[in-house]
Amino acid sequence: MQAIALDTEQLIEGCKGNDRRAQEALFRQFYGFAMSIALRYSRDEHDAADILSLAFVKVFKSIKNFDPAKGSLHAWIKKIIMNEGLDHIKSRSRFSEQVELEAVAEPVVNNAALQEMGADEIMEIVQKLPPATHAVFVLYAVEGYSHREIADQLSISEGTSRWHLSEARKHLQQQLEHLKN
Amino acid sequence: MDQRLSYELIISEKLESLPIPDMADQVWLRIKDQLDLDMPTDDNEPGGPGGGGSPIRGLAWTSLSILFITALVAIFYYRNPSTDKIPAKETINNAAPAPAPVKIENEQPPPGNKRALNPVAPAILPKDQPALVNDDVAAADSAVIATSPNDLLPGPVTIAPPVTVQPVITDSNSVQKKKRGAQGIKESDYRIVPKKQE
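Going line by line, the protein sequences match chains V and R. Per the numbering used here, residue 13 is the first one in the first sequence, and the count goes up by one each step. Per the numbering used here, residue 24 is the first one in the second sequence, and the count goes up by one each step.
Quick caveat, the hints were computed from the structure, so don't treat them as lab data. Only a predicted model underlies this, so the values are computations on that prediction, with no experimental measurement involved. Built from N, CA and C at the ideal position, the CB exists for glycine as well. Hints may contain errors.
Claimed, not checked - Partial chain V-side listing against chain R, Cβ under 10 angstroms, derived:
| hint | residue |
| --- | --- |
| 1 | Gln22 |
| 2 | Ile24 |
| 3 | Phe39 |
| 4 | Arg40 |
| 5 | Gly44 |
| 6 | Arg52 |
| 7 | Lys73 |
| 8 | Gln127 |
| 9 | Ile134 |
| 10 | Val150 |
| 11 | Leu166 |
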């Protein structure tokens, strides 16, 4: 069945009325955007599909609470997908509070090598990070959150967040050198 | 402090241009299945189009289904003659078809024949004592015999060591008698003769 391209507001109203056609149309309209976010928090495509399906069920269940005056639908859906992705990572790993360093050594990463790499190669490297490190790196390096915001999001300290970021950089450096060799 | 390094910016740009896998259909099916469980619609028919389900239509389908099932049951019931001819009461009373009359025997009953042991108490008799029941009573249901031994025994009755009994329940219409157990016991032995009070 071909999804009908409708105005987003009409789709939202249809979703509030539990109309399956409106829900499917809204999902397909946001699929590309949503999947790109889900992939950042997953280990592979199937993991991302799990995150996406759970996230959109939550979207349709709580769309009645969506207030356009408070923000855009994109930002609202992105937030739900991010939370679902982080829950997915947390289910695989515990975010330890005990790891904390006062001074973190910053490894050097070869930017030139990175520029030459394709997006799927970079994604593969990021997905191989340990779960907690993966989450902190994506939130910091990709989403642009501060360590304070990450600490609040993941219920960890800022020091732990910095440590995980340092670990992520070490991993990236090792992987890039490995690929270069 | 929280400034992203240049390579992190590169990574972020690269990831924004990541190719998206074509999994929209299968992901939507999973979403739809979960929504059908958590938030079912009025017309949640499998494979049907969405929107505008009528409750009257559902009621009609339910009524038709009930009528159809009733019709099937009725057809099955009337086409199966064996279930018609046997009344319920007789079926219960004649659960163990054994045409032989009630007999007292010395043998052990067959292993599976538990029913033979049910009326054991009144059927236990010494070999020398007169019978507890007469022939007419023996032809009746064994449960009747079992429930009223005192009525048949106005006086004290001496009971010898118990003898293994295998009473066989007989139907009044049946004439067949099985030759089982000890020989030499006559039917007059079963007659109860009260002792004379001196």
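Among the hints numbered above, which are violated by the structure, and what are their numbers in rising order?
Per hint list: 1, 2, 11 violated.
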